[in-house]
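Undergrad: We have chain E; now place chain R onto it with these hints.
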Amino acid sequence: AQKITQTQPGMFVQEKEAVTLDCTYDTSDPSYGLFWYKQPSSGEMIFLIYQGSYDQQNATEGRYSLNFQKARKSANLVISASQLGDSAMYFCAMREGTGRRALTFGSGTRLQVQP
Amino acid sequence: KAGVTQTPRYLIKTRGQQVTLSCSPISGHRSVSWYQQTPGQGLQFLFEYFSETQRNKGNFPGRFSGRQFSNSRSEMNVSTLELGDSALYLCASSFTSQQTGELFFGEGSRLTVL
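Chains as they are written, first to last, in the numbering used here: chain E, 1 to 115; chain R, 1 to 114.
So that you can see chain R by itself, here it is in the shape it has in the complex:
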């Protein structure tokens, strides 16, 4: 059973550009969450989607957005990139939206903003 797949794994952008990251969840999983990991702030929740609907959103500016498609694949977009957006962006999927369900994470997309 394939795990959570994130693309691209590594990318470099410059300030002001925008970026789109993709996440393919485990087959059958309908919930996808995104997290940002930086050395200074640690792991922070961005947003969660379930059946194409955003269920929860973390405390991030509107430059961060996402969506989920009917096949449960998800994308997140960051516009007008800032140096501080350099981070590892992790996607996680789960089968249900129940509290006890574990999250399965991908290996992340490492974004560097120059």
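Looking at chain E on its own, in the form it has when it is part of the complex:
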């Protein structure tokens, strides 16, 4: 079974609007972390936001927020007030257990922001 599922291969959004990128995960480990990364065409993976499995509140970082629904095992990324520079690939990733660094990535969502 896929550990991280991103069901939206591509998304379009108008500039200044909000957009939600979906991510569901599968793990039996009670301790895990969820990450979102942005990958522009240059190839570099840029860290956006982190949510720990024991965190009580949804994570927020500027225009990025993570809609964490633990019972549903979903960790959707919300980008508010989209900008042209937000056009990129977005990856959801999970790290399971403690002391383990390896991230499992989803297949990604290509976001295109239209003027």
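The hints are simulated quantities; they were obtained by calculation from the structure and are not laboratory data. Please note that the accuracy of each hint is not assured.
Said to hold, decoys possible - Between beta-carbon pairs, the in silico distance windows are:
id : chain 1 : residue 1 : chain 2 : residue 2 : range
1  : R       : Gly40     : E       : Pro40     : 15 to 23 Å
2  : R       : Ser79     : E       : Arg63     : 24 to 32 Å
3  : E       : Arg63     : R       : Thr38     : 29 to 37 Å
4  : E       : Glu61     : R       : Gly58     : 22 to 30 Å
5  : R       : Glu52     : E       : Phe47     : 21 to 29 Å
What the hints assert, rightly or not - With a Cα cut of at most 35 Å, we get these calculated DSBU-like pairs of lysine-lysine:
id : chain 1 : residue 1 : chain 2 : residue 2
6  : E       : Lys3      : R       : Lys57
7  : E       : Lys16     : E       : Lys3
8  : E       : Lys3      : R       : Lys13
9  : R       : Lys57     : R       : Lys13
10 : E       : Lys70     : E       : Lys16
11 : E       : Lys70     : E       : Lys3
12 : R       : Lys57     : E       : Lys70
13 : E       : Lys16     : E       : Lys73
14 : R       : Lys13     : E       : Lys73
15 : E       : Lys73     : E       : Lys3
No residue lacks a Cβ here, since even glycine has one placed at the ideal position from N, Cα and C.
TA: Chain R alone, transformed into the frame defined by chain E:
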């Protein structure tokens, strides 16, 4: 503060050759991880080093190897290259090996195998 530096950025090899990729982590970071990114398989974990010791290894054949030096710089080597090894190889560093620490990625080394 300089980011993660990977060299070379682009390289072309032929089947059967071997290749060595280098990664210099952010100053002070002791953990270095490597990932392979291909259109078909996506991003896959190769291995992770912390203080010169391999901590974790992904599901890749023995042709893929790596090491970390005392200054935390890391190299990965792929021997007997195959066409399927064509990929973007990403290196990531972090300060600790704690779960909550974010990974900082480099821009990658794009390998083409002909």
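Undergrad: Cβ-Cβ distance between Gly40 of chain R and Pro40 of chain E: within 15 to 23 Å?
TA: 21 Å Cβ-Cβ, so the 15 to 23 Å window holds.
Undergrad: Are the Cα atoms of Lys16 of chain E and Lys73 of chain E separated by 35 Å or less?
TA: Distance ~29 Å between Lys16 of chain E and Lys73 of chain E Cα, so the pair holds.
Undergrad: For Lys3 of chain E and Lys57 of chain R, compute the direct alpha-carbon distance and say whether it is at most 35 Å.
TA: Since the Cα atoms of Lys3 of chain E and Lys57 of chain R sit roughly 18 Å apart, the hinted pair holds (cutoff 35 Å).
Undergrad: With 21 to 29 Å as the target window, see if Glu52 of chain R and Phe47 of chain E comply at their CB atoms.
TA: holds (25 Å)
Undergrad: Given the hinted pair Lys70 of chain E and Lys16 of chain E, is their alpha-carbon gap at most 35 Å?
TA: OK: Lys70 of chain E and Lys16 of chain E at ~29 Å, within 35 Å.
Undergrad: Do the alpha carbons of Lys13 of chain R and Lys73 of chain E lie within 35 Å of each other, as the hint requires?
TA: Judged against 35 Å, a Cα distance of about 42 Å means the pair is violated.
Undergrad: Take the C-alpha atoms of Lys57 of chain R and Lys70 of chain E, compute the straight-line distance between them, and say whether it is at most 35 Å.
TA: Given pair Lys57 of chain R, Lys70 of chain E holds - Cα atoms ~28 Å apart, limit 35 Å.
Undergrad: Please verify whether Lys73 of chain E and Lys3 of chain E have alpha carbons no more than 35 Å apart.
TA: holds (11 Å)
Undergrad: Does the alpha-carbon distance linking Lys16 of chain E and Lys3 of chain E stay inside the 35 Å limit?
TA: holds (32 Å)
Undergrad: Between the alpha carbons of Lys3 of chain E and Lys13 of chain R, is the straight-line distance 35 Å or under?
TA: With a Cα-Cα distance of about 33 Å, the restraint between Lys3 of chain E and Lys13 of chain R holds, given a limit of 35 Å.
Undergrad: With a cut-off of 35 Å on the C-alpha distance, tell me whether Lys57 of chain R and Lys13 of chain R pass.
TA: holds (25 Å)
Undergrad: Determine whether the Cβ-Cβ distance between Glu61 of chain E and Gly58 of chain R falls within the hinted range of 22 to 30 Å.
TA: holds (28 Å)
Going down the numbered hints, you'll see the structure goes against 2 and 14, while the others check out.
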